[in-house]
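Given chain G, work out where chain U with the ligands should sit, using these hints.
Heads up: the sequence lines are chains G and U, in that order.
Counting in UniProt numbering, the first sequence runs from 1 upward without gaps.
Counting in UniProt numbering, the second sequence runs from 1 upward without gaps.
Careful: at least some of the hints might be erroneous.
Derived DSSO-like pairs (lysine-lysine); straight-line CA-CA distance at most 30 Å [as the list claims (entries may be wrong)]:
hint: 1; chain 1: U; residue 1: K332; chain 2: G; residue 2: K35
hint: 2; chain 1: U; residue 1: K260; chain 2: U; residue 2: K117
hint: 3; chain 1: U; residue 1: K654; chain 2: U; residue 2: K305
hint: 4; chain 1: G; residue 1: K35; chain 2: U; residue 2: K96
hint: 5; chain 1: U; residue 1: K400; chain 2: U; residue 2: K424
hint: 6; chain 1: G; residue 1: K35; chain 2: U; residue 2: K615
hint: 7; chain 1: U; residue 1: K400; chain 2: U; residue 2: K759
hint: 8; chain 1: U; residue 1: K271; chain 2: U; residue 2: K117
hint: 9; chain 1: G; residue 1: K5; chain 2: U; residue 2: K654
hint: 10; chain 1: U; residue 1: K332; chain 2: U; residue 2: K615
hint: 11; chain 1: U; residue 1: K708; chain 2: U; residue 2: K230
hint: 12; chain 1: U; residue 1: K230; chain 2: U; residue 2: K117
hint: 13; chain 1: U; residue 1: K305; chain 2: U; residue 2: K260
hint: 14; chain 1: U; residue 1: K332; chain 2: G; residue 2: K5
hint: 15; chain 1: U; residue 1: K230; chain 2: U; residue 2: K271
hint: 16; chain 1: U; residue 1: K790; chain 2: G; residue 2: K26
hint: 17; chain 1: U; residue 1: K271; chain 2: U; residue 2: K96
hint: 18; chain 1: U; residue 1: K400; chain 2: U; residue 2: K790
Simulated from the structure, these hints should not be mistaken for laboratory data.
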Amino acid sequence: MDDEKMVRQANQIAQYFSAYPEDRAKEGVRGHIRKFWEPRMRTQLINYAGAGGEGLHPLVLWAATQLQDEAGQPV
Amino acid sequence: MASVNPINYGTPRRESDTQVMLEIDGRSVTVPEGTSVMRAAIESGIDVPKLCASDNVEPFGSCRLCLVEIEGKRGYPASCTTEVAEGMEVRTVSDKLNQLRRGVIELYLSDHPGASKVETGDVGDDELLRLARDLDVREVRYDKDGRNHQDAVIDDSNPYFDFDSSRCIVCSRCVRACDEVQGTFALTVDGRGFASMISAGTDSDDFLNSECVSCGACVQACPTEALVEKNVIEQGMPERSVTTTCAYCGVGCSFNAELKGDEVVRMVPAKEGKANHGHSCVKGRFAWGYTNHPDRITKPMVRDKITDPWREVSWDEAMSFAVERINGIRDKHGSTALGAITSSRCTNEETYLVQKMARAVFGTNNVDTCARVCHSPTGYGLNSTFGTSAGTQDFDSVEKSDVILVIGANPTDAHPVFASQMKKRLREGARLIVVDPRAIDLVRSPHVAAEHHLQLQPGTNVALVNALAHTVLAEGLENRAFVEQRCDVEEYDAWREFILREENSPEHTAQYTGVPADALREAARLYATGGNAAIYYGLGVTEHSQGSTMVMGMANIAMATGNIGRPGVGVNPLRGQNNVQGSCDMGSFPHELPGYRHISDQGVRDIYEAEWGVKLDDEPGLRIPNMIDAATGGTFKALYVQGEDILQSDPNIKHIAAGLAAMECVIIQDIFLNETASYAHVFLPGSTFLEKDGTFTNAERRINRVRKIRTAPGGYADWEVTQMLAQALGYPMNYGHPSEIMDEIARTTPTFRGVSFDKIDALGSVQWPCNDEHPEGTPVMHVDNFVRGKGKFMLTPFVPTDERANRRFPLLLTTGRILSQYNVGAQTRRTANRLWHAEDWLELHPSDAEVRGIKDGTLVAVASRMGETTLRAKVSERMTPGVVYTTFHFPETAANVITTEYSDWATECPEYKVTAVEVRPCNTLSEWQRRYMDTRDQMQRIEGNQSVRAPDTVAASVEEASDDDWEPAE
Ligand code: SF4
Ligand code: SF4
Ligand code: FES
Chain G
1 MDDEKMVRQA
11 NQIAQYFSAY
21 PEDRAKEGVR
31 GHIRKFWEPR
41 MRTQLINYAG
51 AGGEGLHPLV
61 LWAATQLQDE
71 AGQPV
Chain U
1 MASVNPINYG
11 TPRRESDTQV
21 MLEIDGRSVT
31 VPEGTSVMRA
41 AIESGIDVPK
51 LCASDNVEPF
61 GSCRLCLVEI
71 EGKRGYPASC
81 TTEVAEGMEV
91 RTVSDKLNQL
101 RRGVIELYLS
111 DHPGASKVET
121 GDVGDDELLR
131 LARDLDVREV
141 RYDKDGRNHQ
151 DAVIDDSNPY
161 FDFDSSRCIV
171 CSRCVRACDE
181 VQGTFALTVD
191 GRGFASMISA
201 GTDSDDFLNS
211 ECVSCGACVQ
221 ACPTEALVEK
231 NVIEQGMPER
241 SVTTTCAYCG
251 VGCSFNAELK
261 GDEVVRMVPA
271 KEGKANHGHS
281 CVKGRFAWGY
291 TNHPDRITKP
301 MVRDKITDPW
311 REVSWDEAMS
321 FAVERINGIR
331 DKHGSTALGA
341 ITSSRCTNEE
351 TYLVQKMARA
361 VFGTNNVDTC
371 ARVCHSPTGY
381 GLNSTFGTSA
391 GTQDFDSVEK
401 SDVILVIGAN
411 PTDAHPVFAS
421 QMKKRLREGA
431 RLIVVDPRAI
441 DLVRSPHVAA
451 EHHLQLQPGT
461 NVALVNALAH
471 TVLAEGLENR
481 AFVEQRCDVE
491 EYDAWREFIL
501 REENSPEHTA
511 QYTGVPADAL
521 REAARLYATG
531 GNAAIYYGLG
541 VTEHSQGSTM
551 VMGMANIAMA
561 TGNIGRPGVG
571 VNPLRGQNNV
581 QGSCDMGSFP
591 HELPGYRHIS
601 DQGVRDIYEA
611 EWGVKLDDEP
621 GLRIPNMIDA
631 ATGGTFKALY
641 VQGEDILQSD
651 PNIKHIAAGL
661 AAMECVIIQD
671 IFLNETASYA
681 HVFLPGSTFL
691 EKDGTFTNAE
701 RRINRVRKIR
711 TAPGGYADWE
721 VTQMLAQALG
731 YPMNYGHPSE
741 IMDEIARTTP
751 TFRGVSFDKI
761 DALGSVQWPC
771 NDEHPEGTPV
781 MHVDNFVRGK
791 GKFMLTPFVP
801 TDERANRRFP
811 LLLTTGRILS
821 QYNVGAQTRR
831 TANRLWHAED
841 WLELHPSDAE
851 VRGIKDGTLV
861 AVASRMGETT
871 LRAKVSERMT
881 PGVVYTTFHF
891 PETAANVITT
901 EYSDWATECP
911 EYKVTAVEVR
921 PCNTLSEWQR
931 RYMDTRDQMQ
941 RIEGNQSVRA
951 PDTVAASVEE
961 ASDDDWEPAE
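So that you can see chain G by itself, here it is in the shape it has in the complex (with noise of 0.2 Å):
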């Protein structure tokens, strides 16, 4: 999928979990994403944040970190 499609999609579900309390939006972008993406798009948001993550939602860039760190490890 292009990058800026990408960038809406994870910035929606950021704009959503924004209305919770910051652990808890943290939690609930980086399970969603986890949850509901594949690897491939995992992978490209992952690589995109490394490259600056520009447009991404704070939470999304947090987000995408965690996934890097535990790509690979079960849910």
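Positioned in the frame of chain G, the structure of chain U with the ligands alone reads:
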């Protein structure tokens, strides 16, 4: 109608705690108080002659055939209108009664042609003639001249049935069926006495041009051949019947397919059907002719490139071709380059097999279903709050509702049989709130009116539901006791704090929704305090960028007001396709195994790994839009699609087409060469619901049987084709019958543990969860506890969609469907239903039309930032200014050329319901439409055939229809 299943009890069943004992013809009979003498007699096996009585309408007492003698009563009372009484002694047979009855029959016959018009069948479909025979009435002593209707012209305007008033006995069964059962009030009795006539009550006075919606209830009710199916006249009387389930919408009506040999003569809705109680709509009853349509593909076909013509081949050759391609792609790119799409039109067993094929044979979780584009947010939203994605009620629950809140659904068009049940309840006094940008029929129709119509701007559902919740909390209307007992109170408190913020007040949200604060507050009060309140919703909720949030918002207000866990209340998705519930249940989503269990759960994988003998991938797979993206990105190469047409039904057609074109092996299994097949390399002929055994699960989680009537013209049911492909790929899949597949589902899925074909056959149908705890199924969910334990309130921040009206695209387009057509229309377009809806049109408000110089019937171009398409305009007060509307039943319209790639945040369900557009008069097709029509024929050629489409069914192009021909239909 003299149905093949003829027991008609004459009057409706009554419910009462008091039982009454009486004697009929010397036999002791016990029935509930309020039952008619007629019903009591027939229930105990004593037949009573009748003409004007039928057990689906209230008794009328006009024909005087059902006379009986009652000890101690003078005269001969009509048994249909006489209620039973304790100790009553009734006689149904005597010489005097016979003499009176014969007199009545003679009188009726004096204004009747006297013979059936169904050639082969002695008394044909006429109960009057049957009674005349049974009562031995041979001659008619009355004067046949004068005062009769024997010269009346037959009204054959309806494509499916005729009205011949020369055979009408003015018993008004049809009128009562239309009023009481269907709720359309299309028929009246005109005139008085002998001159009286049934009329469809319009100027031209024919059925087609009347308010009639062609449900057929009147035809079924008519005791003579005055109203009779054209098929019965043409084919003769049916000889036997097989009970099966409609393959159209999510109501899942049960039908008795009445057959002559192996040919269907008519479909008669089954009285025992627990979803439909003997009623149906035009689609299920009449629009099954597509099953015999000449466009059906009956031989497998293959081609190397999508630019080649199709080549008909044997099943073996088709399988080898597919296997070679799939194996080649897998060797080169791995399993993640493969995927499958299951069908919501196929059976549970077939859907289960397709996801099994993906996971166990292809070795990937890349499997998805069309629910992606309709109710996936229901799954996410209800699961988060209640712990299961299931709708909470059975349909009959509505009979106990006091307040009905319909949001983003149009039941009279999309779920007509349930709409009739709902309208009946509304006529009994339940109060209605409609939330919809469009004035749907329910807002105002005969004897039904919405107390509140909240006509919101598209894309603002969440703001609206938050304002409803705000009102409930701010005005202290919540059910605190329910919340404390049944819900997670900490989550509730957080939600309460959130909802009570000023940003969620009706006064604040009005700027987005366009709904005045007062109106909203009144609706909220009614919902919270009006008694049992039930929410029914449809795609107007889910197909939004905040679809999942909205579903949670509705679940929240239901919990906050205690409207969950008993009959009459609940949160009810009205699901679109016949088996969309089932296809979701069967593990069609890329992250879930059957029964909605996440693929990462080792315990669940263990069950399937043992059952299937393979190792399963523990990562979620690609969803449909992700498959398309991955295809254009070069990492997704092969797709097996059973019974879906993603090119027509999914958003942003151009992108889908590019994705399909980038794949190396697209396998389509369908009954027609659908639009997606233009991009396919292998075509496998599919089967219709008449050609297979299996089950469908309707919107109320009811598992109904589908029974095979004949063999598919291609030779195989869809499950057999999937099995053949699996075997060809070297996987041992060896089911002898779909019941064995259901046994496997039951073995592996806790909510289906108690389900089997035997049980469904014995009970008629069963609603899951069906297990040790609920051996006969579960009509109402969450009765004592929520599935997840405590109900969980979820926060629902309103995020306006990015898709907004602006200077260039100042109008908002929303999409929907209409009664006579179904989904992408592949079936209904191939029936006489085209008479009601021969093309898609654009509805817009008179003020929006006027400033643009648009009139009814003008060809208009609708342009969004994605693309442009041309269709005809229909100017309509139903629309709110600034909002336009279209259906998507015809591929030529290409409505999805204009819809965007925006989607629900949680599930990627596309935002069909909001697209910013501009509309202008024009006189040509859009470039996409022209190119599409040029290439479609090219891409669908079959070697040796001039055309795969029967000439008369080539959809009339917009250009061909002249403006004069065109008339807007309702
Ligand atoms: S077909 Fe249905 S809607 Fe039409 S007149 Fe008969 S009962 Fe009424
Ligand atoms: S059309 Fe049939 S149902 Fe209607 S009044 Fe005539 S006989 Fe009765
Ligand atoms: S059946 Fe009772 S009066 Fe007609």
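Item checked: Contradicted hints - numbers only -> Failing hints, ascending: 4, 13 and 17.
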